[in-house]
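Starting from the known structure of chain A, fit chains B and C onto it as the hints suggest.
Protein chains in written order, with the working numbering: chain A, 62 to 575; chain B, 9 to 333; chain C, 124 to 476.
Any given hint could be a false lead.
[What the hints assert, rightly or not] Non-contacting residues of chain C with respect to chain A, defined by C-beta distances greater than 12 Å in every case (computed): (1) T166; (2) G168; (3) G272; (4) F392; (5) K419.
[Said to hold, decoys possible] If you want the footprint, here are the derived chain B segments under chain C, 3+ residues with CB under 8 Å: (6) 111-123; (7) 126-132.
By construction, these hints were calculated from the structure, which means they are not laboratory data.
C-beta atoms are modelled at their ideal positions from N, C-alpha and C, and glycine is treated no differently.
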Amino acid sequence: MTQTDRPPQAQEPVVELRDIRHGFEGVQALRGVGFAVAAGEVVGLIGENGAGKSTLVKILTGVLQPDEGTLLLHGEEVRFANPRAARHAGIAAMYQEPLIFPDLSVAENIFVGRQPSRSGFVDWSEMRDEARALLQRLGIELDPGTPARDLSVAERQLVEIAKALSLGARIVLLDEPTAVLSAREVDRLLEIVRRLREQGITLIYITHRLDEVMQVTDRVVVLRDGEKVADVRTAETSIRELVRVMVGQELAALEQRRREAKPGDDVVLAVHGLTRYGYFEDVSFQVRRGEIVGVFGLVGAGRTEVAQALFGIDPIDAGEILLDGRPFVPRSPRHAIRSGVAYLPENRLLNGLVAQLSIRLNMTMTIWQLLARLGIVRERPVDRAVDDLAGRVRLQRGSRRRAASTLSGGNQQKVVLSKWLATHPKVLILDEPTHGIDVGAKADVLRIVLEHATAGVAVVVISSELEEIQDLSDRILVMRAGRVSGEFVTPVEKDDVLHAAYGLQQRVAAGGAG
Amino acid sequence: MSLVRHALRWEVGLTVLGLTLFAYMSLASSDFVTSFTLQSLALNATVIGFLALGVAPVIVSGDIDISIAAMLGLCTIVMAEVWQAGVNIWVAALVAVVLGCVLGLANGIFVVLLELPSLAITLGSMGAYTGIAFLILGGSAITSFPSSLITLGSGLAGNAVPWSTLVLLAVAAVLAFLLHRTTFGRAVFAIGSNKQASRFSGLAVVRTKLLVFVISGFMSGVAAIFYAGYFNTAQGGLGAEDLLPAITVVILGGVSAYGGTGTIPGVVLALFVLGVLQTGLGVLGFSGQEQTIAVGLTLILALAVSAAARAVRARFAASAARAPA
Amino acid sequence: MTSLRDRVDSLLASLARAPELGLISILVALTVYAAAALPAFRTTGNADQILSNSTIIAILALAETLVLLTRQIDLSVGAELGLCAYLVGSALGHVGGGPPVAILMALGLGAVLGLGNALLVDLVRMPAIIATLATLSIYGGLQVVVTHGSQLYAYQLPHWLTTLYATKWGPLPAFACVALVLVVVLTAGVQMTRWGRDLYAMGSNPEAAGVTGLPVRRRTYEAFVACGALSGFAGLLYAAQYGNVDATAGNGIELTAIAAAVIGGVSLFGGSGTPAGAALGALLLIEIENILAIEKISIFAQELLQGLAIVASVAVYALVRRYSQRVGARRRRLQAAGPLSGAAVVEPAEAHP
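Okay, chain A solo, but in the shape it has when bound:
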């Protein structure tokens, strides 16, 4: 997919950063970053975690003031004392999890704090009409009267964009917007980005998803360790090239890490006709000892729901599960863990980590009972377990008694992962395990998955990153609308997988069922 080549609208850049420097005691987050964005341009901002992206976003949105350097808007120097000033200047930011007001309608969410009013009272019909017009202009199909509580994450993001526009934003920063979206929702969002560009809005797109960057941006700016290391036109670069610049090492290294050991023959997990009305239907698959099965599909396809049903979080209406050949009816996560199933949830902060608790307690949460005697805690076994696990996941050094919230995203994920490794599971289900973490931590997580598969654990990896799934899995399962729509043995054509995910008819019956 290529994006149309657009000539810059005006000579003068609409946003320009010059030699921005910013540090927090001891650490320089930005060391003289500078680049310019023309009006109506879509610029991708990429870089590893810690490269300085979010600091830059905070400076642009007025949350932080840079220690040194200048920020120019339409050629004039500006300094945002607070987020409000940035908003007034026409800069809006949209984050992964949009903040909406669940009890208010879509229209009210858009106009919160500045509803159209007539003689002091809110003019509801005017507000509805304006909201409808705005949504239509963006190509968003939403009823303005819907309570925001009923919206999906993707829809909430769209509302937030509409809100930003109605506030007169001319520069929109999208901070990792697609990490929680399905492929279809991503396409919808990218379409909206294109529409915004057509209307002259300038966009800065911050993401880890390089394929999206290639799809929708005009230029790409790469940050590494607080410096700008590349500023290229998208048409003149490639994903491989970008990764090289970002990380300094080839991506191919990961591909080479295919395991030597082949999966065993005995089936550890067998699922037959699993059904939960309204969520998934007639799901059947098998995972053998030491095998890695990747599960691909759109959000709403039911992958997480199947995983949560296998783990005892949600009920099952029909079908059966066999663990090592024996019937398994998961009653609760506790029961599932005891039976040898482990599940790394999708949302780390919500379901994975207890932020206030210490790192060591988070890491051993699943085995507290085991490490204790008659319910009374013993510290030494806990410390031993923690040391062992920390070594295995290569957790960053430091006191393990600090609160888990003090760790970076990648290390937090390692903490959550080690909690599951501690249970010595027979079946390890990972839901988007490399979500929103830096490349280094990603590599560690994938390495651990491979190690465990080699050791005989049956692994299921739910992922929306097709490249990753292809590299990692022995087989790929595709789900669509609650059903299994395809099953492939790797290596498999990317198109075949995508067709199965979207429910499009196969061009040629190659490599899999529909």
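Leaving out everything else, chains B and C in the frame of chain A:
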């Protein structure tokens, strides 16, 4: 736990506050450091102490129970009625404790099993339990409990320390062990901090939270025994005035209103501070209501100090923080 | 052709969005039943009594609603009522004064007390429940201190005040008219102005409200001050209704007020509920009380029934909302995975089931 550091700071502050107040009161009035006064201090603190110990784990687990005083009332009245019907007082006392557990369990069923907000439910059960208590007793009162009960509730061990204080401290020690040294206790903290993640990690959330409400009811039942033993009377509406002090003691003790942090020793220290404050003011001639004002002000002061400390620490940390990725 | 299930689902959905509908039905049903079954209920005098007696609770419930909407709570409204009742009453007794003066005094004093709450929540950063717990103690204690062990007597109050309770303005008791006016004013102010919508937003998502740039701090002050003012006003009416005001005036009434609001559909989590609902909740509570009194059921049963009413209404509201959310989510899920529109594919998209 990583929270140990935070807790220690709070308890240190409490101890300092308590000792300072004690010193001040001793200097301000010669009547303060008499055995009579100190014993009254301890005796008066007993009922509130049990209530506070009971509700503290609930708050740590992320909920609240404002029916504790109503449960106290109902348990005392039932115990009195049962005794008056001819049953041995200690059997009646056992009934009170068991009833407390049942009442707590009822709260737990609505909050935990039906997943309803605890403030609203315990607001309702508070009314319900108080109402039932009134229905049972009407407007009358039961008094003149047997001397064995009175001895427990008002008597002194070795002519020095009240029995009730010894029991309170023993129970506090057991509860502290339960909350800080067992997997159950760790689960309570984890659940108070992040219930969803705790559930996903295989912690027995439902069982733990139900148990926490049962403990609250249990403590109310125990408090009932000591209420009868000290005040020697049971009538409708009793104990209602103890709700505020109990919650105050818990918050003053360092338990966060949002759950996830706090210690039992902190609650005990706060009980001591409050006792010194109220008894001391009483000795100095302040009325009961004026003492209550002082209690309110102390609560405000404690939280103001902690807020200020947090702000100061945050300002230092802001410059020390690394740039988030 | 909608199935029965769909119809039930949509009924529950509208019930979830407007719990007042359920409340009104219950109120109407109860009134009809009582009127049919109890002759003593049917009299105008009794109706007047119900309306008048529910006024103070209703006003406190209105006050409480302002704070509850922002996901906070005010436990000190009873103490505010009592303190204002006594102070304003004695002031009127000493200095004399007509309604305007009295109202201003009550509102002003109440506002000051409410300001105390706001300061604690904002400057000291106390959670509202703890802050108002503290002020409940303090204001309650002050109440005792200012009364000096005595009380205010009816004969000390101005004549227009003591006769207010019994007065009727047209078909309705004066008290009820006052309550009605306040309901209308607050409904307009809370549901139809930006100011009020800010309160809903604050309660619906406090974090987003701050980020969005809503004047959260200012609204917090305004909510608590307005709540205090209304409580003070209720105190004035308290003096009018009871004549005698002692140190325990208003003790415990805050819980009845919160109960009324909760029964009226105001969520303790903020963001939903209406002033009218809160007032209706108060009306329902007092009507139940009235029926019980007529039936000569022990007055002690009232507290029990109030408690049960709270538990029942919270349970019903929550379960209805939960169910309708689940149904909506399920429907959305089944619709979500459809073919991509405008995709550059060669083959036509598979038909959507």
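To see whether the hints hold, each was checked on the structure:
1. T166: 40 Å, holds
2. G168: Holds, since 39 Å exceeds 12 Å.
3. G272: The claim stands: G272/C keeps its Cβ more than 12 Å from every Cβ of chain A (closest is about 48 Å).
4. F392: 9 Å, violated
5. K419: 43 Å, holds
6. 111-123: holds (count 3)
7. 126-132: That given contact holds, which follows from 5 residues of the region 126-132 of chain B lying within Cβ reach (below 8 Å) of chain C.
The structure is inconsistent with hint 4 alone, although it conforms to all the rest.
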